[in-house]
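Undergrad: One line per chain: the protein sequences are E and Y, in this order.
Sequential numbering from 1 applies to the first sequence in my numbering.
Sequential numbering from 1 applies to the second sequence in my numbering.
Just so you know, not all the hints are guaranteed correct.
Claimed, not checked - Every beta carbon over 10 angstroms from chain Y, so not counted as near; a handful from chain E, in silico:
#1 Ser70
#2 Ser201
#3 Ser264
#4 Gly378
What the hints assert, rightly or not - Once the Cα atoms are required to be at most 25 angstroms apart in a straight line, the calculated DSS-like pairs of lysine-lysine come out as:
#5 E:Lys172 to Y:Lys742
#6 Y:Lys662 to Y:Lys789
#7 Y:Lys864 to E:Lys172
#8 Y:Lys602 to E:Lys115
#9 Y:Lys742 to E:Lys168
#10 E:Lys188 to E:Lys230
#11 Y:Lys882 to Y:Lys176
#12 E:Lys177 to Y:Lys864
#13 Y:Lys692 to Y:Lys602
#14 Y:Lys299 to Y:Lys1109
#15 E:Lys168 to Y:Lys919
#16 Y:Lys810 to E:Lys273
#17 Y:Lys598 to E:Lys258
#18 E:Lys173 to Y:Lys864
#19 E:Lys172 to Y:Lys789
#20 Y:Lys912 to Y:Lys855
#21 E:Lys203 to Y:Lys692
#22 E:Lys172 to Y:Lys919
It is worth saying that the hints were derived from the structure and are not from the lab.
Bear in mind that the values here come from a model prediction, so they are computed numbers and not experimental data.
We put the CB at the ideal spot given by N, CA and C, even for glycine.
Here is what each chain is made of, one letter per residue.
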Amino acid sequence: MKKILIYLLTFSLFTLTGCDKYLDTVPDNRTDINTPGKISELLVHAYPTANYSAFCELMSDNTSDNYVGSAPSQIYGKPYLWEDVLQLDQDSPQLYWSACYASIAAANQALESIKLLGGGKELNPQKGEALVARAYCHFMLVNLFSKFYDAASAATDAGIPYVTEVEKVVIKKYDRKTVAFVYDMIEKDLLEGLPLLSDQSYKVAAYHFNINAANAFASRFYLYKKNYDKVIEYATKVAGSGGFAQNMRNWNSDYSMKSFTEISFVYSQITEKSNLLLCETGSFWGRYWAGQKYGLNSNLGRTLYFGANPSGGALAYSLFGSERGVYLPKYNEYFVRVTANANIGNGYNMIPLFQTEEVLFNRAEAYVYKGDAAGALGDLNTFLSLRIKSYSPALHNLTITKNNAFYSTGNSGGALLQTILDYRRREFMHEGMRWFDILRYKIPVTHNTLASDGKSSTITLAADDKRKVLQIPQEVSLSGLTQNPR
Amino acid sequence: MIIGTWHFLHFTLTINKIHQPQRFKIHTNIIMKKNITKLWFRGFSGLVVCLALLTNLTNLLAYSSAPLADVTITGTVSEKDENGKISPVPGVAVREKGTKNGVAANGNGQYSIKVKNGATLVFSAIGFLPQEIKITNQSIIDVVLETDSKSLDEVVVTGYQKIDRANFTGAAVKLKTDDIKIPGTIDVGRMLEGRAAGVSVQNVSGTFGTAPKIRIRGATSISGENKPLWVIDGVVLEDVVNISNDDLSSGNANTLLGSAVAGLNSDDIESFQILKDASATALYGARAMNGVVVITTKKGRIQAPTVSYTANMAFTLRPSYDDYNIMNSNEQMGVYAELERKGWLTYSDVSRRANTGVYGKMYDLVSTYDPNTKQFGLSNTPEVRSNFLQRYAQVNTDWFKLLFKNSLTQEHSLSITAGTDAAQYYFSTSIYDDNGWTIADNVRRYTATMRANYKLSDKLSLGFTTVGSIREQRTPGSQDRVNNAYQGRYDRDFDLNPFSYALNTSRALTAYDENGNLEYFKRDFAPFNIIKESETNFLNLGQLDLKFQVEGQYKFNKHLTYDVVGTIRQVQSTRENNTYENSNQANAYRAADNATVKQANKFLYRDPDNPEAEPVVVLPYGGIYKRNEDKLVNYYGRHQLNWNNTFKQDHSVNVLLGQEVKFANRQESNSTGYGYQFDKGGIPFTDYRIIKQGLESNFNYFSLQNTRDRFVAFFSNASYAYRGKYIFNGTARVDGSNQLGKATSARYLPTWNVSGSWNVKEEPFLKDNDLISRLSFRGTYGLTASIGKAKNSTAIFTNAVTNRPYLGEKESVIDISNLENSELTWEKQYETNVGFDLGLFNNRVSIVVDAYQRKGFDLIGLIKTSGIGGEFFKNANYADMKSQGIDIGLSATVVNYKDLTWKTSFNYGFNKNEITTLKSLPLIYDLIKPEGGAQQGYAVRGIFTIDFRGLNEKGIPTFTNELGEKSTIVDVQSQETKYLKYEGPRDPTYFGGWSNTFNYKGWSLNAFVSFQGGNKVKLDPKFDQSYTDLTASPKEFSNRWIVPGDEAITNIPSIIDRRTQASFESGEFPYTAYNLSSARVANGDFARLKNVSLGYTVPIAVVKRLGLKGLSIKASASNLLLLYSDKKLYGQDPEFFGSGGVALPISKQISFSLKASI
């Protein structure tokens, strides 16, 4: 009997030791990040899957209250009034906040996995992408949710948590530090990541930080930081030997031949070379950018697109709409139904995060600050060559004299900056980019509001208004942070 | 000689003069025959007084007599088994009647006791009938005890152990199949309804294969499944698919696999043991938080081959409009006329609609020009149109009659048992055949069981079981429902559920035209007729379930035994959605009559490479064949050592040590075949663009999901009993599971439990009390647990495909679905249970009362974080809850007079729970769903409603919205939930049943009522901001708002006109909100006459003449009527969710059964 007992005991001990291995079985179809290919796939979502265009555009001076009625919903209404949107849904600032941090988590996970896989040279492209993407997400967060970068106060303005590690507990404590700290970290990640990138490592390069896109990002970063030499350096890399023109949208001879639907389809496709970096975002902005209560007013639209511009030519943008508002065909919503038969689903907009045109403007602006008017004019004329109907260099090319005359000023630098800002505004209409110019140049914004009896009144966002800094979610208090002052 | 009678209790004291004249003996004998009813009414207070008096009196009298000479008696106690073999019984209590003098027999059944001459010796042991022997100068008394078959029921089977009821310290209820079986009720889970205190059963769907919502002592988890564990012959029965409790009522096709026990033939089941508290379930450790139902199946016996045959024929009754408040066709056409006046059923409105009825048909005819007759189908004059509509106003279609049948279900079961001393066999087979309550469903199930037990030697015995079942089922074709959070409702496309159809389709619609041909109306732009559709669009389910089980026992000696059990089980089930080419669903893919339809039809293909092109048909031929497969592969093994011994006759010790291991792989796959030509030899004709369309819309045409469950456990249990009086029990167990993820930190969980009981009956002052036949107090405290739904002890990465519109731009992506949670652990609960068992008059009356308190902690709840880690909402162990309750079980043989007996049993359970911590921030929509929502400070599932504030001047309902203002707009996506109204819990707080059985000679009459309540239910969503000419309006509509001023007298909203509806803002859905408002809530209380049956057992003499061993027949009626329910429900079943899909309510049945054995 004792023998049998001993057998039983050994059997039990054996199973005891085998059991940890037995329990290592993964419970479901989850993946292990164990190959370079899987790290690349992880990085596909290192780009925020939320859209900032809606709230940025609605807060900007591109929009007006177009008719009596109520806004489609809080999300597409409150930003116009510069009120905090508490709802967490597509196109809300909160969702953008969380999407950026979700992308940062993907980047951090990729970096951790790279380390686990030995961190060899063959993983450099992935490492580069993770670093640059992480920098980009923090960059967008700090610009929207902290006081805009100002070298004078950046060292004391509250930043946003710069996350470099994957979170492993339910609630982790974080520190906002300062805007200067966040900018330093962004620069560090960007500069470390940029040289590691390789366009060959991407399956669909336009949806990843390819080298051009990363240089475009650097040009924007240094523009915001007012380091103009660097802006020129990185922008020039994007221009390459062939110049910007080869990679720009062609409104005056290509888009102008296309229908509304065709433009909206092609605008955010990878075949459009202007799109240096595209991003997939869950968004219904593709339904609400046009013809709504708050949107581009028909009068303002007419002034911007049909009114006079310094070149003297007519702009070739295809503008659509009615008295209730006008718009450019930029969005083609990709609607994914929840099941094959369902009527409900989620909307997606592919949005360009970086376009060649922006880099061109960045460099032109830097040239102006560097006192290189010729350089600035050169870039602007490249731009005009693709935007002016029946473009003729002799007729439409911009000169200092022509530009100063347009503004009736002798301050040629100021006039050039104004020209750049105005063309930027037209070019990136609906895309939310105007908001960042408003932040950079501390432009005050005035919005009209229509009461139900049709009476119009105005509200103003002052140059240094607290409301220019978006509110961060209330739940940050769990992580030991304080919200922005109101 | 009668010496006394107490006024409140009639009993006699008889004094017998026996051998020694100076000694007398008293028998207390309560006369119950005549006065039992009086006794009943006098109740407990009298009983207690009586008890005290009796005890004192007997003691007084016993001790008042002078002592006699002592004699020593020795002997052996033995038993006789089925084969007549005599073997000694150890541990039998031998005592001198009426004294404290007693000993226990040793291991060989021998005893020795010193008693007074002339005394009476009482031999007693659990499982045997007590025997009394008077001493008349003998010195050796050998006794052979007879087994007490009734007393054998007093064994608690936990699946790991068999414990004498007297030594059991936990809360458990035993039910015998014969007592609870309702003919026609196939699912054994449903048989538990109202049968055991603390067990609530809600028939959220009555379709075969779906599981009722069973809860033992209420919910223990906020986000988890709350399902009890099913254990069959000691082995946990794994679910084929995991369906959450809220999803049980979804009506989705996978709910057909929801019942773990659907393949079980109830005739194979001997008994159910429901383990309720921590002590009872302790050996199940970290899986037992929700209680355990242990099923013991039948075994072969030592006897000549006996064949038993059981047949049930049940007639299922068709529902009737009398029970529901649906408008008849005339009233309905009146509503349509109002709709037309309000701009709804106009030509321009109807002609664009995807779904239309009589108006649609009329306008189609008006606009159809026949070139041959040179006439329009219908001339467009008011008279002609009115004439056309007249026919439909008079049809008064009875959809229940068309879609339901008074159907027959049959169940035949045959079993054979036979056995010798060394080998016993049990074989059974059964067939269940339901030819369908509706025209769209039917079921057939076959089962077979073979069980053999061998006794190879005195030490070694083996058992082998093979159980198999085959199921073939047909239901209406069904798509899964979609949660439409935007509007606050569920959507289901192509719903063919006959019950929903009958209740929601206008009675002015017809199934047949004047010539008796099928008449079609329009659904999804294609012709639709429900009868035709039921024939051409249906779901076939096939399931094969096979299990092998091996058991072995080795007895080292009489103290030490070793048990081993192993199981292999496989379940394969296939669901095939067959959508024929000429079905409405397939035709919907082809509806492209004109440009309007082409633009509106979502099934047409829009080519992203050619954005200006018109949408095109991509299912030109054939139908759709969709196949889902669910597979389960399950292995289980356990071995355990059991040691027991009794020391110095007073101290018995039992120790158990064991290990178990489980393996379960589940696979779920589906594939969709487009263009399958069912009626052309099954040749597929697939347009590649339909695949492209799917891929571009991010739908894959096939999928495969694997889940793997690995589980190990080590357990030990020790119990100690002192003279059977004081029992202490302790259990410790460690469970290990892979379900929480790979990290070892969360993998193992120890659970423990301590319990004790005091058998007061064994105390000298009660020992000889004939009134109180049993009294024991029990107490338990322990930790139980279960695995929550979070599985991220390491980060979870899942593969997906990006949501990008062009195939060339799509990429494979790995998402972080959940970040690592290094703090993840199991859901846990501390439970305290106290209770007592009281038996009176030789257990003729038995009362079991348990009270419990549970404190759940580390429960998985959804919390919103700062989002900085990258996951805004996390499922984490951040929730707590508490619950308390009481279970009362009472059974009594009220009348026991010659041939007449009346047995009654009543049980009542009360359970209240409250979420004490839940850091989630639910949206309004999460809380107002019909299934209820979870919020801190309320029940686990609370019914919340939008506070209805009356109708406005246009007859549109208004509410207190998320801003606290009175408004017609409520943003159901808002997180501001403080203005919602809490109505009450969704789950019943009290539930139980009352059963009465009268037996007279061979006749037996049983009536059984089940009841539950204390909860709230939502009324069916009947209101909408626009209705079509298909809508069936409830009769409440007659009281609707019609003219301004009506808002003062009615709460039934108006039919709004088209212009008002057009002026609604985006997000304004007052009618959807009305469905979810406080105006549409009713009490969930109901009492149901669950079953009435009359049976007759043919007398044995007659049976023998027929050459049989037994014969009985029975007629019964089940679910006959609701004795009580809230009037506001208007016929809506308070248990049933009318969710469509495959869900049907439980039906009324009349059945006849026959039982014969040879």
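Undergrad: Taking the hints in turn, state whether each one holds.
TA: Consistency of the hints with the structure:
1. Ser70: violated (5 angstroms)
2. Ser201: holds (13 angstroms)
3. Ser264: The assertion about serine 264 of chain E is violated, with a minimum of 8 angstroms to chain Y.
4. Gly378: Non-interface label stands for glycine 378 of chain E: nearest chain Y Cβ at 34 angstroms, farther than 10 angstroms.
5. E:Lys172 to Y:Lys742: Roughly 22 angstroms separates the two Cα atoms, so the pair holds.
6. Y:Lys662 to Y:Lys789: holds (19 angstroms)
7. Y:Lys864 to E:Lys172: The given pair, whose Cα atoms are some 13 angstroms apart, holds under the 25 angstroms limit.
8. Y:Lys602 to E:Lys115: The given pair, whose Cα atoms are some 47 angstroms apart, is violated under the 25 angstroms limit.
9. Y:Lys742 to E:Lys168: holds (14 angstroms)
10. E:Lys188 to E:Lys230: holds (14 angstroms)
11. Y:Lys882 to Y:Lys176: Violated, at roughly 32 angstroms.
12. E:Lys177 to Y:Lys864: holds (23 angstroms)
13. Y:Lys692 to Y:Lys602: OK: lysine 692 of chain Y and lysine 602 of chain Y at ~15 angstroms, within 25 angstroms.
14. Y:Lys299 to Y:Lys1109: holds (19 angstroms)
15. E:Lys168 to Y:Lys919: holds (19 angstroms)
16. Y:Lys810 to E:Lys273: Judged against 25 angstroms, a Cα distance of about 18 angstroms means the pair holds.
17. Y:Lys598 to E:Lys258: OK: lysine 598 of chain Y and lysine 258 of chain E at ~23 angstroms, within 25 angstroms.
18. E:Lys173 to Y:Lys864: holds (15 angstroms)
19. E:Lys172 to Y:Lys789: Given pair lysine 172 of chain E, lysine 789 of chain Y holds - Cα atoms ~22 angstroms apart, limit 25 angstroms.
20. Y:Lys912 to Y:Lys855: Given that 25 angstroms is the threshold and the Cα spacing comes to 12 angstroms, the pair holds.
21. E:Lys203 to Y:Lys692: Holds, at roughly 20 angstroms.
22. E:Lys172 to Y:Lys919: holds (16 angstroms)
Going through the hint list in order, the structure does not satisfy hints 1, 3, 8 and 11.
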